[in-house]
Structure formats: C-alpha cells, structure tokens
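K.L.:
If you want the building blocks of each chain, they are given just below.
There are 6 protein chains.
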Amino acid sequence: MPEPSGILEEMTIDDLRELAPNVAVIPLGSTEPHGPALPLGTDTFQTDVLAKRATRLARERGARVVCYPTLPITLNNNCRKFPFACRVGVRTFMSMLTDIIEQAYADGVRRVLILNGHGGNNETVGALMRDLAARDDVPFVCVTSGGMASPEASAMIEHPSEHGGEREASYQMYVRPDLVRHDKLADNPRGQATLPSLRNPAVQFVRPWHAHVPVSAGGEQRKASAEKGKAIIESAAANIATLLVELSEAPESADFPY
Amino acid sequence: MPEPSGILEEMTIDDLRELAPNVAVIPLGSTEPHGPALPLGTDTFQTDVLAKRATRLARERGARVVCYPTLPITLNNNCRKFPFACRVGVRTFMSMLTDIIEQAYADGVRRVLILNGHGGNNETVGALMRDLAARDDVPFVCVTSGGMASPEASAMIEHPSEHGGEREASYQMYVRPDLVRHDKLADNPRGQATLPSLRNPAVQFVRPWHAHVPVSAGGEQRKASAEKGKAIIESAAANIATLLVELSEAPESADFPY
Amino acid sequence: MPEPSGILEEMTIDDLRELAPNVAVIPLGSTEPHGPALPLGTDTFQTDVLAKRATRLARERGARVVCYPTLPITLNNNCRKFPFACRVGVRTFMSMLTDIIEQAYADGVRRVLILNGHGGNNETVGALMRDLAARDDVPFVCVTSGGMASPEASAMIEHPSEHGGEREASYQMYVRPDLVRHDKLADNPRGQATLPSLRNPAVQFVRPWHAHVPVSAGGEQRKASAEKGKAIIESAAANIATLLVELSEAPESADFPY
Amino acid sequence: MPEPSGILEEMTIDDLRELAPNVAVIPLGSTEPHGPALPLGTDTFQTDVLAKRATRLARERGARVVCYPTLPITLNNNCRKFPFACRVGVRTFMSMLTDIIEQAYADGVRRVLILNGHGGNNETVGALMRDLAARDDVPFVCVTSGGMASPEASAMIEHPSEHGGEREASYQMYVRPDLVRHDKLADNPRGQATLPSLRNPAVQFVRPWHAHVPVSAGGEQRKASAEKGKAIIESAAANIATLLVELSEAPESADFPY
Amino acid sequence: MPEPSGILEEMTIDDLRELAPNVAVIPLGSTEPHGPALPLGTDTFQTDVLAKRATRLARERGARVVCYPTLPITLNNNCRKFPFACRVGVRTFMSMLTDIIEQAYADGVRRVLILNGHGGNNETVGALMRDLAARDDVPFVCVTSGGMASPEASAMIEHPSEHGGEREASYQMYVRPDLVRHDKLADNPRGQATLPSLRNPAVQFVRPWHAHVPVSAGGEQRKASAEKGKAIIESAAANIATLLVELSEAPESADFPY
Amino acid sequence: MPEPSGILEEMTIDDLRELAPNVAVIPLGSTEPHGPALPLGTDTFQTDVLAKRATRLARERGARVVCYPTLPITLNNNCRKFPFACRVGVRTFMSMLTDIIEQAYADGVRRVLILNGHGGNNETVGALMRDLAARDDVPFVCVTSGGMASPEASAMIEHPSEHGGEREASYQMYVRPDLVRHDKLADNPRGQATLPSLRNPAVQFVRPWHAHVPVSAGGEQRKASAEKGKAIIESAAANIATLLVELSEAPESADFPY
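Chains as they are written, first to last, in our numbering: chain Y, 3 to 260; chain C, 3 to 260; chain R, 3 to 260; chain E, 3 to 260; chain G, 3 to 260; chain S, 3 to 260.
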C-alpha cells in the first residue's frame, strides 16, 4: 500500500506533511431508517468504503489526495416521520461544509470532491457549490456518488430503487454483512403522487418518504448479493480514482476546470 | 376573461377576498447578460408572460390561484465575471422565498408553485423545498419551468442551448420583440471542461460561465422565431394550468400529495 | 432617446459595456392592498415609472446611470392583517439590498440611489445604510422617493394621505388607468391612537394598519386625476435626474459627499 | 419616594414581585466622542438620568413601570473614523433589543418604551419595531427621546446642534458637571454635503461624521448651562412619565393602541 | 490621579488621543435576582467598581489601558423562571462582544481583558474566545473575574456560595450599602441534583436555578461585611492591574502570549 | 449481548421501535494532529469505543439508550497553524448539535449525554447547553468525557498531558494499535505563557497550540500501554453506563434533575 495512505484519520502529522495534499475527498454518509433488513448506517458504511477505496487507488497513481472522515449525519427532513432520521438543518449543513472546505483551502487543498452517499443531500450540495461560486478564496468543488460506477456494473442491479433496495442491500452485504437481516429482505412497497401532473418529471417537490416508501425502504431487495455490491463499488472507486488523479495533476488556472 | 384575474398586482383587496386563493404561483426571473442579441431581462420577461398566461388559463377552469409578481433578481454567482449579473446570495434567496411562502400560508394558500425561469436557481430552490420539509406550518411547494412544454413544442427548437440560445431568442421574439437585436443573432461559442472525468454527467460542479459561454450566450440562435416562442409558451402554460387546477382542487390531507 | 437607455433589463451586455455605469438606481415597489379602488401593485407601478423616467432624463444629460428592475415585494409587517400584504422579513430585506449593492459595487458602481416607493421601508432602508456605513468596500448609498417632487407639484394634492389616497390614486390614473376602479373611489376612514401621548410626534411606533386604515386605503380620493399624477411624477423625475447627474459627475473622494 | 422604586437594578426580587411591572423602559445610551469639552459617556449619562427621573415620576402616579439599566454601547458606524466610537453591528443591536424585549414579555410586560439617547439609533430602532410587528407574542413597543421636552423648554437652547452642542453640554453640566471641560467649550465647525441635491431633505444618507463634525462635536456650546439642562430634562421626564402612566393604565386589546 | 484616567466614559476625545490605549477592559455585569437582601444590579455594581479600580491602578503604573462601560445585561437562561433575569441570547452575546472587540482592534487595542462578573457567562465567553481564535485580525483576548483576589483575601469568606451569598453581600455592603436590606440577610437554601451520577463534577449541565437556589440567592449571608468586600475587591484589583500592566508592556509577537 | 444493541448505526427501524429510546448519547470526536506517533483520528477512535462500550453496558442494565455515530469534525481554531486541524466554526457547531438534539427530542428522547472526546469543545458545549436552557422543548442535556474514569484508573497515567500524551497514547494502543508509531513515542515539548499573570489559573485564554505543543502532541508518552488504555476506558464506560441508567430510569419532572 502506498504511503502515506491518504486516509486522514489514520495518518500522523508527519504523514500529512509528506503528502502535502492538494485534493480532498469529503464523504457524506447519513443515518436514517433503511427498512427492516438494513441498518440505519447504510449510507455511511457504503460511502466510507467507497471513499477510502477510491482514495487508495488514486494514491497508488500518485495523486496527492486526502480522504476526510465520513460525515454520518446530514439531511433528512423528508424522512422526519420515521424515527431517528438523523439530520441537521439545510443552513447548518451548508455551514458545516463551508467551514470544512475553508479549512482544507487554508491547508493547501485546491480541489475538493464531495462524495455524496445520500440522495437527500443532492440539491443542497448543489446550492452550497453555487454559494461558494461567489468567492475566489475557496477550492474548486465538485460532487459525485456511487453513480460513478460503469453502466455495466450498475446494470447488475435488476430492481432499481431510490432507497433501501437491491443496490443498497448489495452494498451492505459487501461492506457490513454482519448487519444485514436476510430474513427481512422483501419487495417493499412504494407510493406515488395522486395528482397526475405531479408525476411529470418536469415538476419537482420533496416527497413525504413515509408515504413514498412506507416501511422506510422501497422495492425488491431479494436479488441483492455481496458480489454485486463489490462489483459496483469497485467500478465506482476506479472511476472516482481517475477523477482524483486528474484533479491532483491539473495545473491551477484562472478558469479551471475550463 | 374570468374575474378576478388571479394576477396579484392587478387585483384589489375586494378581488382578493372574492378569489380566496388556495394556490400561489411565484415566478422567478433573473437579470443577467444574455449575449449581444438579447436583453438582460430575458428570463424575467419570458417567465412573467408564462406565469400570467398559465394563471389565466387556470382561472378559466376555476382554480383559486393567485400569481405573484415575478422576482427579477435571483442567483447568478456563476456569472459574476460578466457585468451586472444581478444576484442575491444563496442564503438570502432562501430567506426571501421562505418569507414570501410564509405570508402566503398565513393568508390561506396551501399549495405553492415556484415557476423558475432561470437555471441558476434550480438547486437552491430544491434546497429551499427540502428546508421547508422540516415544517408543518408551510404549504406544499413544488417547482417547474418552461420545461413543462410538450415534447412536440420543445422539439421545434433545432439547436438546444442552456443559455441565450434559439429557445430564449424565440421567447423574446414573442414577448419583447422590441428588444431583440436581430443583427446580433449568431452561433455563439461554448466551452467545456478540460478534465475528461468532469465531462461525466455523474460529476457536477458550477461551471464558470465566462468560460462556458464566453459572450454570455451560447449556441446557434438564428433559427429562432416568434412563432416558436409562442408555441412553446402556450404549450407550457397549458400544462402548468392543469397542474394549478389539480393543486387547487385536491383536498387537504396529511400525506399530500400522496 | 439616448443610447444605451440605462434601463438594465432592456439593455444587452454590449450596451452595458458601452455605458459603464457608475451610478445605480434601485427602485423599491411593494405589493399590498390599497383599498377597493386601487390595485395591490400600486407602489410597484408608480415607482417603476418614476425610476425609469428619472433615469432616461439623467441619461439625456450624460449620467452613467443604470436603473435596476423594481423590486415588487418588500416590507409589510404592519399590514399583515390584510390579505396578501406581500412581504419579506426585515433582516431578509437588508440582506437582499446588501447583496444587490455588493454586486453593483463589484461591477463599478460607486453611488447608489434607492428609490423607495413604499413608506413601510423607510426605517429599514435607513438601518441598512447605517449598516453599510461600517464598510469601505461598498458604494455611497442614498435614498429618496416621490417626495422629490416640487412643493408646487405636491400642492396639487388636496387631501394628503399616507396610503392609498388622492396622491396614489392620481399616480395610478396616470400609470395604470386600466386598473383603477373609479366607482370605488371614496373618502376612506382613518383611525388614530387612543392614548393622547401616542399622538405626540416625538413618540414613534408601528401602527396597526388594519386599525389605521380599515379598508386598506385612507382619506379622500375623489379629487385624484391622471393630470395630477403625471405632474407630480414628472416633477419628481426631473429632480431625481438632477441628483443622478450630480452623483455621476462628482469625483470619488475619501469623504464623499462632503 | 414611592416603593418599589421601579429602578430595576436597585430593586430586590421581592420588590419586583410587589411591583409586577406591565411597562418597561429600556434606555439607550452610547459611548463615543463628543468633542474636547464633553465626555464619551455623554449620551449614556443624560439618558440614564432622564429615564430614572421619568420612571420615578410615573411610579408616583401609580404606573407599574420598571426601568432597565441604560445600555452603554449601541450604534456608531457613522462615527467610526473617530477613535473609540463604541458600537455593535446593526443586526447585533436588533438582536439585543429583541432578546431583552422577549424577556420582558415573558415576565409580564405588555408595553415597552425605548428611551433613545443617541441619534444614531433612530432608524434601526424603527426597523426593529417593524420587525417585531410581525409577531403576536411581543409587547407593544414605542420609542421616544429627550425630544419629549416641551417646546418652551427646548426653546431655551439658542444654538441647535445634532451632536455635542449647547443642548448636550447643558445636559452634562446638570448631570455630570465634574466631567465638563469648560475651557474647551467652543463654536465647533460643521461640514455639509457638496452636492446640492444631497442638501434636499427628501434625500437621506448616512453622513460621514468625521467630515460632518470634524472635532466630534458641532456648533456653538458656550451658552450652555446646568439650568437649561435641568429644565429640559425635567420637562421631558414629566411628559414621558405621562406616557408611562397611560401605557400602564390602558387595558389590553387586540388593536392596541388604536 | 493619573491623567487620562482610562475610564472611557469619563474621558474626552483629547484624553483618548493622549492615552492611545493598547489594552481594553470590558467588564460584564448582569441584572438578575439576588434574593431578598441584594439588588438585581449586584453583579453590575461590583464589577464596575472592580474594573475601574484595576484600571486606575494600572494607569498609575503607566499601562495604556482603557476601561469600557460595564455591560449590564448578559446571559441568564438558567434563571429564566425568576422574574426579570435580564438576558440576551447566547449568539447575540457572542455577537455583541465580537463587535465591541472589533471596534477596539480598529482603534489600536491589541489585548483585551474581559472582566466577567457573572458566572452564567463563563462558558460563552470561552466559546467566544475560541471563535475569535480563528482570526488574525482581532486582539488577544483573555478573561478573569473577582477570583483574581489573593487566596488570603478570598479566605475571609466563611460561607462560599455561587450566587448571592456572603461574598456578594460583602461586595454590595462595600459598593452600594444603600441597597442592602440587612433585615433580609439569611442562610438561604440550596438544592442539588437527585441523580447521584449528576453530582460527579466530571458531569456538567445547566442547573435550573429556581430549584438550585429557590429564593434566588443561596447560602449563609450573615457574616458578610463591607470590610470583607473591600479587601477582596482591593486584592483582585491589584492583581488585575498587574495583568493589565503586563499586557500593555509586552511587545507584539506572532505567538503571543507564548 | 442485549438486543437491540443501542448502537444507532447498527440497528434497523424495527430495532429502534422496539427500543423506543428515551436517552441519547452523542459522542464528539475530532480530527487533528496528535504528534508524530498518533493518528489524526485519535479523539474520534477513542471516543467511539468509549461511547459504544458505555451504551452496551447500560443496555445490559435495561437503559433505553441509543448511541449516535461519533461526529468526527468539531472545533480546532486553536490548532489552525497545524495542517488539517479539521474544524467547523463555533456557531456552526452549536447549530449542528442543536439540530441533532431537536431531532432526538422529536423522536422521544428526553435526556441527552454529550460524550466529549476533544478538549477544544468544552466551552462551546457549555455555551450550547446554556443556549438550550432558554427552551422548554428540548431534552435535558449533560456532558462528560473520559474523565469519568475512577481516580484509581486515571492514576495509572504517570505523565499527565492535555494533548497527545501518555493517556491518549494508551487509548490508541488499546483501540487502534495498528496506527500507533511506537518508534515516534517521545517526551514532546510544551510551551507556556511568557507573562506571569497569564499563568494564574484565574485567567483564561485560548492558547496557541502551535506554541503550546510545538510538535502537536505534548509530554512524555513512553509509559503508555494498551493495558492502561483499556483500564481507563473500561472504568469510564462503567461510570457512564451508570449515568445512562439513571437518566433512563428517572421520571420526567418539571425541575429535573433536581
């Protein structure tokens, strides 16, 4: 394994000074119900593995990248009628990320990749990036997710789901098999809007998840497997590593990344 | 024309009391450069026409809908290297919309449609809706745009563009023909990211618009026409009107809109 | 008419670069009930006309002035017991104006005139200016209103009123005659404080407008006319234009405007 | 002297329970330069005396009024080019007053009189009152100043001044004669705006006080006397006491004070 | 007495310019119930005397120190079930102090001593200092209290108490003997947590003061005397003066105070 | 092991509903340099183990307690001259904790124990608790740390240190032995204030850690051992478990915990 590892929590100050990172990965997990078969930490566990794997691959290719600890509590207002959908407010979340990114910049980071493992964070990470776009004293920031896996890897999932379906079950079978309740895997129900116009994808709104996925996970999970989980995570990690290498190698310029 | 018209600025207090709106449309315009051929008010002008048209159509079908004045200054951090890309901050914008929506709720509105005429607002409107999802004392909020036009109408545009292209030029030829500089219509250049991984749609970031569309408008405009503009606006208005009618007629329920 | 016109929404980026504005006008409208005879958009409509007229006159005299779009939703807490007294919060409003002024400064504006068409904004615009007075990186900011009309012009109004009286009715007859309900013009009632000491002008408080002007407009309106409206607006516009010319021509100095 | 005195800092908890105040006075002082002859605490000293005197007079007439300690540091951005123009920010100041008023309300106060001894606070106190007007769970708030003195008393001042003139010198001769430097009393210079339009009272802006009153006090001070100071303070105190009595006696009502 | 005195409110602008302070004392009082024998202003009165005394002693030794007016309203959420425990919010308080410290820095102060006379402020002053530690453009800030008295002086107090006991009664007998109700001096009751683990000093929480000191003062007060009060204040003032002298004399350095 | 485990991330929604927690543990870690021998995640790793161990012990005794994921990024302004002292701002941190505590309360938690593993958070957690003390709609909140270990266990540490000394090295040898660089264990230098008065414990300030512990860890580490680490953590966990049991069992009451 390359040294320093790039895993921030596991390095010493000497490791850090040797690495002198110019790219940072900030992984976003989440803690909220994922149905009867999967643990509340599902998003955190899988994102943590993906972020570290991508970082190590990028380190092997020489990227000066550092991976922050995975933030375990992010946004979940939409799930608030489930118990312990842990959350901070939208403005708090933006402040958390802003503060962390400012620290990274002060320590030499010029590009940040937010690795988002929780769909509920998407718009707000977007809003945060747009907020930072007003400033010249912050790094370039981009965001991606497990969606970086290749189409082939993603196609292994037979039953797509936004939350707690085959894909997330496969991830957990790979990263935390001890926590998967196999006897509870099921084809969980999903609701939808009653107004026809609201089903038009050109209209967007925050769905009430207690009505959208009533058992807090939705869709058919029983085709999940650790193999699928591993394949997708490996594919995503490889592509993210390439992004990290590009980010680390690209020279600074006024119009970056153009 | 049905009375009251539903156009808030044009009604009196008596009109309002007669209408007793339960749905509000909040149109979002923008004021920022749109290249040498189109005015800075492009987004505001076209959104204002679309919002009012949809409102009038919905009123004809009995919807208790009120259309707010179009907000002319929204988000433009990405365009800040162009002159007079008018803007408020991301947090300010969220506060503006929150305050207006709270007023609407206090006055009986139970569903709000944000009609967004400016792409730079997308994520932040999403973040706002997610913020409001923490509360029980606000209306249901959804967002749409001119993208509500039918696929057939949209297909009239031969050269798609995100900003200041054939579509927006067509809109202006319909709504403010006096302001279109026909001699400046052109095939305006567009840039792109130099890092291959950043062209993957699974990675998102705020593009520097001065590099993305160097003359502040991008793409081929010369096939624009008032007829196209009218057709698309009419199509979008009709579909939005249907949404407004559905929103006005649907009973209140705990899990609305499910 | 001089080119570029100075009307921001109507100009292109090339116009803006030619004009290179050093003065900005930010007009503040409002949307709130103005009684049975006048539309909710009364403040916005009249302020928009006044701001554009003054800008054009100043442009004719060479001022490098740009007129922003009129903000249609400002402060109305005092009117909140009327329906649809549209409003943002005091802190939100201060942030909106601060953000817009910062943008103007970044683009070369060194003097800002806030043209306030709504009495409910007075103190808060004052507080905003005082807040900005802590900074060196903002323009000089001043505020005025239709009160810039000459004493002669103002004296045409026979029945003064703070809200929705002869003066505002005259304005609307001039700028939006289609929206005036002539059959509803009346001598509308006005209330006052019951405590004698509170009638002393040395004591100030926010009046509850539902008690102060119970029908949401106060005073005798029936002597209103389009002629009066035009005369006052023309007079105010001429005086504001002179102010804009002076602001544009005065050299920058540390102690400006002293 | 009536007991309890109404002077909050001087009472015990038993006094407070006996008094059960329904009206509170919140005096606003300031600490900033007042020229070579007067101390920085000028505004605080005179306001403290006035507030306590008015409170005692109102207590003698049975008002259930409590006088808060005088806040010594308020707003002074306009004076920031003088040394030690002590200040908090505009938003901080609004929060301070809001918090204090909320405490008073929680303890039974239903009417608040802000007694403002510093001109730099005027607009922001107005903005604060307008902010509070959005809420039903706060007291009625009004504001006044030494301007409550009778016209006769005020007319004793031969040379009006906004800052550190005959009036303030007279106050200090009465309340803190030990701190007045008689040898430094003078006719201090005052500046004015160089642009003619900015001298029109219909235009408002924050004056740069280092240019407006270059020695940090302005106008002729040498006709000041303790007698004048006492007479004005006594007159203002009497009128303020009457206001406090009215505020304490008036029944609660939905539309108070109408 | 040395001139200028260092007491900010009592100096003129000329005094200030002569002194050119590089150290500031910001005294924090409080206004809240202190039981039946002591006034609500207890904390403010004693802190004001201590701060001024220490400042004068430091001035005699040449320190360029300025003493701000004592802030009379600080934090009291823990006491909110007593009447008129005057307070601002934690964030407001941090903003107040930040703003004042920024002003001091702008006027040449490089070291600030917060002299805290109210235990309820301790953690928040600590949090404030930690917040300021993120910045290079603020003074060095430290905090102390009457706890600076020598062990010998402090040992004169026979019955320690956190609030309104022998120590505070002694202070008041010295600084405001007119306000002490000798007939109400008593051994006031004190409560404690019912859970054994919460009595472990390694666990901290905000105690509900209405249960902790039910009459709003706790412990035996009857051995209080003005002599004790004077001795402790004199001792603390002498030690604080030494600190102020050291702060004023120490050269500026990057790692100050190391 | 008792089921459900109480470890939030590892439970499913069904586990949570079975447990119905009334007590929550919120562990605070930190990511910042701990010298050449220990990893940046030191605080997080040890706090995570301690929190989970205490929770499991409390669960064995029937407490309805849930342990949140350990927050890995908290406060570090004092360490900002070391690289990657990861941090959020003081206000952000208060908002994070407030939001999380509000969520816990909404889901039935009535007592919260913040388990703080990072000294830099102490005052701000205190300030947060004081902020929450203004509200009736939040749980009782208390805070503790590894300092809950018995005096006997703590006495095993021969060389006390505030940061990265024998105690923390012993913890890491127990919880993450793979990350300890035994060859780098040393007696690391510690600085101190140069002003004598600043060494008085009655004066507090934020120490510049780059001067206080120049290699980012201070004191003699070489007597550290996994046995010591285990003994202290076990002792602290046992005492914290007792606290959790008491918190879970105590009935709700108005004056809790008195």
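Do not take every clue at face value.
Any copy, or any two copies together, can satisfy a pair, since identical chains are not distinguished.
Claimed, not checked - Quick list of in silico lysine-lysine cross-link-like pairs, DSS-like style, CA-CA up to 30 angstroms:
| id | residue 1 | residue 2 |
| --- | --- | --- |
| 1 | K225 | K186 |
| 2 | K225 | K54 |
| 3 | K232 | K83 |
| 4 | K54 | K83 |
Source of the hints: derived by calculation from the structure; they are not laboratory data.
K.L.:
Take the hints in turn and mark each one as holding or not.
P.N.:
Quick rundown of the hints versus the structure:
1. K225 <-> K186: Classified as within; 13 angstroms inside a copy, 49 angstroms across copies.
2. K225 <-> K54: The answer is within: 26 angstroms in one copy meets 30 angstroms, while 33 angstroms across copies does not.
3. K232 <-> K83: For K232 and K83, neither the intra-copy (32 angstroms) nor the inter-copy (40 angstroms) Cα distance is at most 30 angstroms.
4. K54 <-> K83: between (32 angstroms within a copy, 26 angstroms between copies)
Checked against the numbered hints above, the structure violates only hint 3.
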